[in-house]
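**Q** Here the protein sequences line up with chains A and B, keeping their order.
Throughout, my numbering is defined as the position within the first sequence, counted from one, plus 389.
Throughout, my numbering is defined as the position within the second sequence, counted from one, plus 38.
In case anyone wonders, no lab produced these hints; they're calculated from the structure.
Just so you know, not all the hints are guaranteed correct.
Covered by chain B, per the in silico footprint, the following chain A stretches (three or more residues, Cβ under 8 Å) [claimed, not checked]:
no.: 1; stretch: 401 to 412
no.: 2; stretch: 423 to 430
no.: 3; stretch: 440 to 450
no.: 4; stretch: 453 to 467
Distance windows between CB atoms, simulated [unchecked claim]:
no.: 5; chain 1: B; residue 1: G144; chain 2: A; residue 2: T474; range: 23 to 29 Å
no.: 6; chain 1: A; residue 1: R476; chain 2: B; residue 2: S184; range: 32 to 38 Å
no.: 7; chain 1: A; residue 1: I463; chain 2: B; residue 2: Q126; range: 24 to 30 Å
Covered stretches of chain B (in silico footprint by chain A; criterion: 3 or more residues with CB under 8 Å from a CB of chain A, positions within the stretch not fixed) [said to hold, decoys possible]:
no.: 8; stretch: 65 to 71
no.: 9; stretch: 81 to 95
no.: 10; stretch: 122 to 133
no.: 11; stretch: 184 to 191
no.: 12; stretch: 204 to 213
no.: 13; stretch: 254 to 264
If you're wondering where the values come from, they're calculated on a predicted model, not measured in any experiment.
Ideal Cβ positions, reconstructed from N, Cα and C, are used throughout, including at glycine.
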Amino acid sequence: MSGTPFLVLSAILFTIGSVGVLTRRNAIVAFMCVELMLNASNLALVTFSRTNGNLDGQVAAFFVMVVAAAEVVIGLAIIMTIFRTRRSASVDDASLLKY
Amino acid sequence: MVAFWILAPIMVACALGILFARKAVHAALLLAVVMISLAVLYAVQSAPFLFVVQIIVYTGAILMLFLFVLMLVGVDASDSVVETIRGQRLMATVVGLLFGLVLVLGVGQVSLGAATGLTSANQAGNVPGLAQLLFSRYIFAFEATSALLITAAIGAMVLAHRERLTPKPTQAAMAVQRLRDYADKGTQLGPLPAPGVFARHNAVDTPALLPDGTPSEISVSRTLTARGNLRTAPASDVDTLTGSMGDGTSYRPVTRSGPRGAIDGPHAPRADTDPDRADRSEPGEGTR
Chain A
390 MSGTPFLVLS AILFTIGSVG VLTRRNAIVA FMCVELMLNA SNLALVTFSR TNGNLDGQVA
450 AFFVMVVAAA EVVIGLAIIM TIFRTRRSAS VDDASLLKY
Chain B
39 MVAFWILAPI MVACALGILF ARKAVHAALL LAVVMISLAV LYAVQSAPFL FVVQIIVYTG
99 AILMLFLFVL MLVGVDASDS VVETIRGQRL MATVVGLLFG LVLVLGVGQV SLGAATGLTS
159 ANQAGNVPGL AQLLFSRYIF AFEATSALLI TAAIGAMVLA HRERLTPKPT QAAMAVQRLR
219 DYADKGTQLG PLPAPGVFAR HNAVDTPALL PDGTPSEISV SRTLTARGNL RTAPASDVDT
279 LTGSMGDGTS YRPVTRSGPR GAIDGPHAPR ADTDPDRADR SEPGEGTR
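Looking at chain A on its own, in the form it has when it is part of the complex (with noise of 0.2 Å):
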């Protein structure tokens, strides 16, 4: 069982995940977006440590579940916090920054 497969599936999703979060409007598919690319990067992780036979990589992985978990709730309450003020929860609706 090669590992290349894996690893070819894995640079689809990361690829599909930043077209999504280049292309998407609403904040929180974009965010979705985010999540799976860091999905596709424990697959990698998960590929490169059966590979080579180690448990790094798992761990690794792990530690990206971690924050992973941290900033979906980070990001979900700032997406909540815009969307309290603005109404909106566009990430083109957010540009106050911008005049």
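Dock chain B against the given chain A, drawing on the hints supplied.
**A** Frame of chain A; chain B shown alone:
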């Protein structure tokens, strides 16, 4: 490897679905499919601990958090198709495709060699092995993540906290305000008439009939009226009913001209003059 070839097309299709889903809820559900498939792939790659964590933490906690926020923001908050930067979507897609092509080609050409497999590393069990690493070599990173999680929890509390600008209205103040509304605007002071009381049907969508046989508009929820879900209860309906009860003459309603749907007096039916009460007119609230 069979699991991989079954799950990989599903995952790619669902990930593409996240890109094209109009509604955020659909994107969240597709993301759940991707995450559960990833968990299965972890299990295939002899990472049972990460398999469980992926399902519990990601699909269990994080996605539920996403769905909660979606409910708070509004499920119907669909994406706008207006581009603020012209050609940005096209450019992003092209650049993303190029990036993916380079990544896939580069990763595909790396020869990883024969996979060592985790049979020796998992000899004492996957979870003890991970714990051994986590509490020896990665102990500082582990402590740092604990600090990170605490900071995140406090940050979320600070962000979600909202200071009260006005004091909370007491029951006495609300009573005084209600009486003032009655004096100034003629808002109904007592409870509103219940729907369906003297009407043919005893349902919430049937307006109550006044003693003169006319339906009372204030007896039904304004939400139902706006939806057009009102059932009519004409006075003739009561006529037939009283007729079928026999002795119809004594129950015959007297039609009289006058204000409809309200008790006589200065208080008009609770109409749109009271906008901050409009959202309170849900059925089953108790005042009807």
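**Q** Enumerate the violated hints, using their earlier numbering and listing them in ascending order.
**A** The structure breaks hints 5, 12, 13; every other hint is satisfied.
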